[in-house]
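The hints should help you fit chain B onto chain A, whose structure is shown.
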Amino acid sequence: NAGVTQTPKFQVLKTGQSMTLQCAQDMNHNSMYWYRQDPGMGLRLIYYSASEGTTDKGEVPNGYNVSRLNKREFSLRLESAAPSQTSVYFCASRISGTGGTEAFFGQGTRLTVV
Amino acid sequence: TQLLEQSPQFLSIQEGENLTVYCNSSSVFSSLQWYRQEPGEGPVLLVTVVTGGEVKKLKRLTFQFGDARKDSSLHITAAQPGDTGLYLCAGVLETSGSRLTFGEGTQLTVNP
Numbered sequence: 001n002a003g004v005t006q007t008p009k010f011q012v013l014k015t016g017q018s019m020t021l022q023c024a025q026d027m028n029h030n031s032m033y034w035y036r037q038d039p040g041m042g043l044r045l046i047y048y049s050a051s052e053g054t055t056d057k058g059e060v061p062n063g064y065n066v067s068r069l070n071k072r073e074f075s076l077r078l079e080s081a082a083p084s085q086t087s088v089y090f091c092a093s094r095i096s097g098t099g100g101t102e103a104f105f106g107q108g109t110r111l112t113v114v
Numbered sequence: 115t116q117l118l119e120q121s122p123q124f125l126s127i128q129e130g131e132n133l134t135v136y137c138n139s140s141s142v143f144s145s146l147q148w149y150r151q152e153p154g155e156g157p158v159l160l161v162t163v164v165t166g167g168e169v170k171k172l173k174r175l176t177f178q179f180g181d182a183r184k185d186s187s188l189h190i191t192a193a194q195p196g197d198t199g200l201y202l203c204a205g206v207l208e209t210s211g212s213r214l215t216f217g218e219g220t221q222l223t224v225n226p
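Each protein sequence line maps, in turn, to chains A and B.
The first sequence finishes on residue 114 if you use the working numbering, and the numbering steps up by one all the way, no holes.
The second sequence finishes on residue 226 if you use the working numbering, and the numbering steps up by one all the way, no holes.
Hint data in this document are derived by calculation from the structure and do not stem from the laboratory.
Ideal Cβ placement from N, Cα and C applies to all residues, glycine included.
There may be inaccurate statements among the hints.
Across the chosen pairs, the derived CB separations fall in these ranges [unchecked claim]:
id, chain 1, residue 1, chain 2, residue 2, range
1, A, Ala82, B, Ala182, 39 to 45 Å
2, B, Pro122, A, Glu79, 33 to 39 Å
3, B, Val169, A, Lys71, 33 to 39 Å
4, A, Thr5, B, Pro153, 17 to 23 Å
5, B, Thr191, A, Glu79, 46 to 52 Å
6, A, Pro8, B, Ser144, 31 to 37 Å
7, B, Val158, A, Thr20, 24 to 30 Å
8, A, Ala2, B, Ile127, 33 to 39 Å
9, A, Ala82, B, Lys170, 38 to 44 Å
10, A, Thr5, B, Ser144, 27 to 33 Å
11, B, Pro195, A, Thr54, 42 to 48 Å
12, B, Thr209, A, Arg77, 26 to 32 Å
13, B, Pro122, A, Arg110, 25 to 31 Å
14, A, Lys9, B, Ser144, 31 to 37 Å
A partial selection of chain A residues facing chain B, derived with a Cβ cut-off under 8 Å [as the list claims (entries may be wrong)]:
id, residue
15, Tyr33
16, Tyr48
17, Tyr64
18, Gly106
Stretches of chain A that chain B covers, calculated by requiring three or more beta carbons in the stretch to come under 8 Å of a beta carbon on chain B [to be verified]:
id, stretch
19, 9-23
20, 34-47
21, 55-62
So that you can see chain A by itself, here it is in the shape it has in the complex (with noise of 0.2 Å):
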């Protein structure tokens, strides 16, 4: 019972280097998120994906690409990693179409650019 799994959970960049952040969830969902939490605040959205086949910017979304693989996957991937991206990015999967439904999130990956 997997629910929301991301990886890595940890990482330390160089600036200037590429990386992929993977997100997973068995849980069936249509909607998948990611977020970033800098210290001692909230979630900004960065990018979204309502179903498999189309994504959305968010409230952030300049230096990140996204892919929604399939309904299962979705990838965040920083071209070319600046000090500023340096946060906690978090993946989410929820119900989305009816009601207010409950976001399910990963443990968070925890980045840092240097």
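Chain B alone, transformed into the frame defined by chain A:
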């Protein structure tokens, strides 16, 4: 500008006190949720409200959705140290369908 404005951002109180956290917007939401987050973990859902004027109670926590579905509040009665955590409101705009947006959060500390 933040779509959902939460206040206060920080709150430190003594055990046994009551408190209210507010979540406000100028936009109409089809639903609003409250999550609680512990250090090192992802947020976990406390409650969802979908009807204007709706009030839900969860033990010592009372949640209210504004009549116009633009705001919500979380009231905790007789706070305990175990209530310490980051409280987040989140909502889906009536016009957006899937986009789930969070407020800035309220960091609550309850001192014994």
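Point to revise | Outcome for the supplied range 24 to 30 Å, where the beta carbon pair is B/Val158 and A/Thr20 | key: Holds - the Cβ-Cβ distance for B/Val158 and A/Thr20, about 27 Å, lies within 24 to 30 Å.
Review point. Is it true that B/Pro122 and A/Glu79 lie within 33 to 39 Å of each other by Cβ?
Key: Taking Cβ atoms as reference, B/Pro122 and A/Glu79 lie about 38 Å apart, which means the hint holds.
Check your understanding: Taking 8 Å as the limit, does the beta-carbon of A/Tyr33 come near enough to a beta-carbon in chain B?
Key -> Because about 6 Å separates A/Tyr33 from the closest Cβ in chain B, which is inside the 8 Å limit, the hint holds.
Practice item. Take the C-beta atom of A/Pro8 and the C-beta atom of B/Ser144, compute their distance, and say whether it sits inside 31 to 37 Å. Key: Because 35 Å falls inside the window, the suggested range holds.
Point to revise | Supplied distance hint 46 to 52 Å, evaluated on CB atoms of B/Thr191 and A/Glu79 | key: holds, 49 Å
Practice item. With 33 to 39 Å as the target window, see if B/Val169 and A/Lys71 comply at their CB atoms. Key: holds, 36 Å
Review point. Taking the CB of A/Lys9 and the CB of B/Ser144, does the distance hold inside 31 to 37 Å?
Key: holds, 34 Å
Exercise for review: Take a look at whether the Cβ-Cβ distance between B/Pro195 and A/Thr54 falls inside 42 to 48 Å.
Suggested key: About 44 Å separates the Cβ atoms of B/Pro195 and A/Thr54, which means 42 to 48 Å holds.
Review point. Once the shortest beta carbon distance from A/Gly106 to chain B is found, is it less than 8 Å?
Key: At about 6 Å, which falls below the 8 Å cut-off, the nearest Cβ of chain B leaves the hint on A/Gly106 intact, so it holds.
Check your understanding: Do the Cβ positions of B/Thr209 and A/Arg77 conform to the proposed distance bound of 26 to 32 Å?
Key -> Since B/Thr209 and A/Arg77 have Cβ atoms about 29 Å apart, the given range 26 to 32 Å holds.
Review point. Are at least 3 residues of the stretch 34-47 of chain A within less than 8 Å of chain B when you compare beta carbons?
Key: holds (count 7)
Point to revise | Per-stretch coverage check for the stretch 9-23 of chain A, three Cβ contacts closer than 8 Å to chain B | key: Since three or more residues must qualify, the claim that chain B covers the stretch 9-23 of chain A is violated, with 0 doing so at under 8 Å.
Hint check: violations occur at hints 17, 19; the rest are consistent with the structure.
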